[in-house]
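Build the full structure now, drawing on both the sequences and the hints.
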Amino acid sequence: MTAPAVPAPPPASTGEMSRIPTGWKTRRNAELGLLAFAMVIVAVFGATVEANQFGEIRMTAWIPAALVGILFLGLHVVVRYTAPFADPVLLPAVALINGIGVAFLRRLDLARAIAQKQPEPGIFAGTGGRQLAWTLASLILAAVLLLLIRDHKIVSRYAYTLGLVGIVLVMLPAVLPPSISEVNGARLWIRFGSFSIQPGEFAKLALVSFFAYYLVRKREVLSLASRRFLGIDFPRGRDLGPVVTVWLLSLLVLVFEKDLGTALLYFGLFVVTLYVATERASWLIIGLLLFFGGVYVAYLLGASVGGPFANFYDRAEVWLDPFALENYERESGSSYQLVQGLLGLGTGGLFGAGPGAGSPGKVPEVRTDFIFAGLGEEIGLFGLAALLVLYLLIVERGLRAALAVRDSFGKLVAGGLAFTLGLQVFVILGGITGLIPLTGQTTPFLSAGGSSLMANWLLIAMLLRISDAARQPVTGAGPERPGPKKAPTQLHGAMTEVIKP
Amino acid sequence: MNAPLRRSGVVILVLFGLLFANLNWVQFYKADEYRTHDFNSRVVVAEYETPRGVIEAGGQALAQNKTTDDELKYLRTYPEGKIYAPVIGYKPVIIGATGIEASENDFLSGASDKLFADRLSSMFTGDNPGGGNVVLSLNTKAQEVAWKQMTDNQRGVTKGAAVAIDPGTGAIQAMVSMPSYDPNPLVSHDTEAASKAYNALVKDKDEPLINRAVGATLPPGSVFKVIVSAAALQNGYKTSTEIEAGSVYREGGATIRNSEEEVCPGSQVTLKEALTESCNTGFARLGVALGADKVKDTAKAFGFEDDTIKVGDLDSKSGLSVAASRTGEIANPDGTTDTAALAQSSLGQRDVRMTPLQGALMAATVANGGRQMRPYLVQKLLGPDRRTIYTAEAEKLREPITSGVADDLRDMMVSVVENGTGKRARIEGFTVGGKTGTAQNAEGANPHGWFIGFAFDESGKAVSAVCVMLENVPGGHASAEAARIAGLIMKAAAGRGGD
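The listed protein sequences correspond, in order, to chains C and B.
For the first sequence, position 461 (counting from the first letter as 1) is numbered 461 according to the working numbering, and the numbering increases by one without interruption.
For the second sequence, position 318 (counting from the first letter as 1) is numbered 318 according to the working numbering, and the numbering increases by one without interruption.
It is worth saying that the hints were derived from the structure and are not from the lab.
Note that CB positions come from ideal geometry on N, CA and C, so glycine has one too.
It is possible that part of the hints are untrue.
[Stated by the list, open to error] Selected chain C positions facing chain B (Cβ under 10 Å, derived; list incomplete): (1) T245; (2) L248; (3) Q340; (4) G348; (5) L350; (6) G376; (7) L412; (8) A418; (9) T433.
[Said to hold, decoys possible] Here are the computed lysine-lysine pairs in the BS3-like style, where the Cα-Cα straight-line distance is at most 25 Å: (10) K73(B) to K117(C); (11) K117(C) to K66(B); (12) K203(B) to K82(B); (13) K159(B) to K396(B); (14) K362(C) to K196(B); (15) K423(B) to K362(C); (16) K362(C) to K73(B).
[Said to hold, decoys possible] Between beta-carbon pairs, the in silico distance windows are: (17) V77(C) to A3(B): 35 to 41 Å; (18) A200(B) to L350(C): 27 to 33 Å; (19) V175(C) to E33(B): 42 to 48 Å; (20) L289(C) to L18(B): 56 to 62 Å; (21) V295(C) to T77(B): 51 to 57 Å; (22) L350(C) to E329(B): 58 to 64 Å; (23) V43(B) to I57(C): 34 to 40 Å; (24) L176(C) to V44(B): 42 to 48 Å.
This is the structure we're talking about:
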């Protein structure tokens, strides 16, 4: 298939500041102010940790906060010049979560060093230090993305390539020998010595681009040329073929890799982009029915047949009654983690023990999957509620960019990415708080793990890029007529549709 | 496309709303339950943040703490090991606590209401002094003598128990159970090693974890004749009253013989002589003559059938649970008295079962003029600063017999030690009374040897009442060894021995 025609970049995109009409507010200073506020919170968190762990606040307490502050300031400068109209809340909100993550991981390193009577790790050593280094790398990559891709529509040029890359990334660990790819029974990694990445994390970005491009191109056929069956309009198979193929393939691979959480995310991503593209609620209903039906069948199969479904059945049993002794003490797949996480959260209560004053080390995997439980013991319900609001803010700001951007491709990409981010937060936090069965997932921007951090920062860079396009004044309207005016989004995007088959 | 995007936003909002609601459930509604849950090891760590109070007796620490550098800051240690283990128990990291460690846990850990003022002041001063200290009533000399004589007994018996009580107050002077165990491995911070040590003790067929002094009930044999004597004296008999005896007594299918041919072969014997020689036929006839109700009622008056007693502190009535002693069924299916059972029960056989503590209480009651004092182990509770918070005040538990009956019983029991079967319990310079018991149990097994007794010092003050029980004593005269040990324990309790 040939690459689709891509429109020329917007005429005003040369000369950075010149495209800002006089009197137009870019809100960049608001972003800077919020960023400073976020860094103050991170610094206070780090200082409280030292006060509680050592009984004094040393000069070294401020260094991690100062370092992450400088990094985010750097990205802020890049945004200021490459995406001046970008949403001013996105970057500070993510920076706050990322900064808390680095500070909390360092807090775990300090506690471990004290317990094992070892010297405390250097600023760039330990999990916290590694996370700091990964933050640096992620921010550089995000900046590069903002610098290279001045118009998000360019991405659609590589949609099929990205679709292929996405599939390869998902499949890679399954194809590689387990010695390279397996960690804790799940084959999701590529390891080189002590360095490892999770390629699947990046697949999310590639797949959403492919889905968006394909669905935009086939929009009319998908919603018009359909067959009615049981009162629901089904599109023709050939129109849906490639998307379903890609999606099913990734789903199968993930089930094979035992990464149910990510499989669920991709399922959600697919259903929601399909729903947004076709505007047919029937897709949601079909998606939900398929999902819950599949889960129930897997549960029943796990109870009767066992085999590959036994793991799933165990997880469901553990979820239904984590405190039952037989679930707590079972050999594999016990509820120990979940219970310890819940006990940590409960011990934290409303206000939490205070940063550095809890015992998050008692929760297994507290650096990755269970970081929210460890954090919850120390910052309490109020702190976690604030974190939840931050995540919600990021997701809704992403959706707002999707609403306001004028092209369908941008709408689907931003909407898909924002929704997936929200779904990921729901899946992991719902899992560790016992709301839904637990599936291994990282908590975006918080958990230790370079791949997840980097992929999610790329996601944020993409949202920043699209929000910039969404919020910038309509070019061609004449610089002598500043002020917000009605964008043609009112016309359902049809007039500004830029990608043609 | 905007309408579905907006709806997706609503979906996310709902999902986050669910997360928030569930977080409230976990961190607010369930918070207290989770904070104190058994699976929450933070509870344990917090518990070990402050030193637990010391358990002591006679100025000697029996349970104390050692500072460690692991996560649990204090390790509990029991310097005397096996000697006091059945009384003090242990306070392990994950298994449940037992003994005084369990019953006084609130006070030792500092959580007791009695220590509220200390907790309040530590809130302001910032330093936490830890829990309160428990001073036991045990006489360390008596305890050591009891342990040494029991475990080193001349018949090689491996199971048994001994209890000594101050008759006037009910204070426990010594409490030994054999075999015992070392509580130190059980409280190891290495919980796996601790569980292993615990499981080994649980599986041991000699049941070292049972405190036989309060937790084991065995047929008391002739010791029960004290009860029957009391019943007789309450019902108009005198110590000099002649009762029917003889070498053989057949009743309702049961044949009662005396332990030896030369014991009360004549047809008549005084009540006092019957007890002195432990005349089986005499007491079997006496029991039948009195009737089942009188025997059972007297036993009950002495403390049989009571399963509410706890030996610990008199204030909260918490402590080691005491198994109920029982006279058992003495009736036919139609409700009439089973005279064969009554005849055998009057000798402390058949279904009569008694704890060693109950035996000591019986002797103490006689020595104390008929008033039975409530037994206790906790003499004092001291605050973390060793300020006295509570001192045991002796409390009458029950008064089964009048002082007149008690005096008669006392004479009869003194005669047992001076002229009869309990000669080996004699202590020079003291007036010692008692009663032996040799209890048949299983077919072909060696009998249990019992001795209950009391001692008055030169000034006529009752200094100690004791019960010694040895299970399955080989070599005949099972009770003689128990009587010998009992004498030594009482002597040590009176401060005249054990050095």
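Now the hints, each set against the structure:
With its C-beta approaching chain B no nearer than about 23 Å, T245(C) sits outside the 10 Å limit, and its interface hint is violated. At about 22 Å, the closest approach between the beta carbon of L248(C) and any beta carbon in chain B exceeds 10 Å, and the interface hint on this residue is violated. A least Cβ separation of about 7 Å between Q340(C) and chain B falls short of the 10 Å threshold, and the interface hint therefore holds. A least Cβ separation of about 6 Å between G348(C) and chain B falls short of the 10 Å threshold, and the interface hint therefore holds.
The interface hint given for L350(C) is met, as the beta carbon of that residue sits about 6 Å from the closest beta carbon of chain B, less than 10 Å. The interface hint given for G376(C) is met, as the beta carbon of that residue sits about 7 Å from the closest beta carbon of chain B, less than 10 Å. Look at L412(C): its Cβ gets to within about 7 Å of chain B, closer than 10 Å, so that hint holds up. A hinted interface residue such as A418(C) counts as satisfied when its beta carbon comes closer than 10 Å to some beta carbon of chain B; here the least separation is about 8 Å, so the hint holds.
Restraint check, T433(C) versus chain B: the minimum CB separation of about 5 Å is within 10 Å; hint holds. The hinted pair formed by K73(B) and K117(C) meets the criterion: a straight-line CA distance of about 15 Å does not exceed 25 Å. Of the pairs offered as hints, the one joining K117(C) and K66(B) holds, with about 20 Å between alpha carbons and a cut-off of 25 Å not exceeded. At roughly 18 Å between alpha-carbon atoms, K203(B) and K82(B) fall within 25 Å of each other, so this suggested pair holds.
In summary, the hint linking K159(B) to K396(B) is not supported, as the alpha carbons are separated by about 32 Å, beyond the 25 Å threshold. For the proposed pair K362(C) and K196(B), the alpha carbon gap of about 23 Å is at most 25 Å, so the pair holds. In summary, the hint linking K423(B) to K362(C) is not supported, as the alpha carbons are separated by about 64 Å, beyond the 25 Å threshold. In summary, the hint linking K362(C) to K73(B) is supported, as the alpha carbons are separated by about 17 Å, within the 25 Å threshold.
With their beta carbons about 37 Å apart, V77(C) and A3(B) fall inside the hinted range of 35 to 41 Å. Range check, A200(B) to L350(C): about 45 Å between beta-carbon atoms, so the 27 to 33 Å window is missed. Here the CB-CB span from V175(C) to E33(B) is close to 47 Å, well matched to the stated 42 to 48 Å. Remark: the range hint 56 to 62 Å for L289(C) to L18(B) is contradicted by a beta-carbon distance near 20 Å.
Take V295(C) and T77(B): their Cβ atoms lie about 54 Å apart, and the range 51 to 57 Å holds. At about 60 Å, the beta-carbon gap between L350(C) and E329(B) stays in the expected band of 58 to 64 Å. Our hint of 34 to 40 Å for V43(B) and I57(C) is violated, since their Cβ atoms are close to 29 Å apart. Checked against the hint of 42 to 48 Å, the pair L176(C) and V44(B) passes, with Cβ atoms roughly 43 Å apart.
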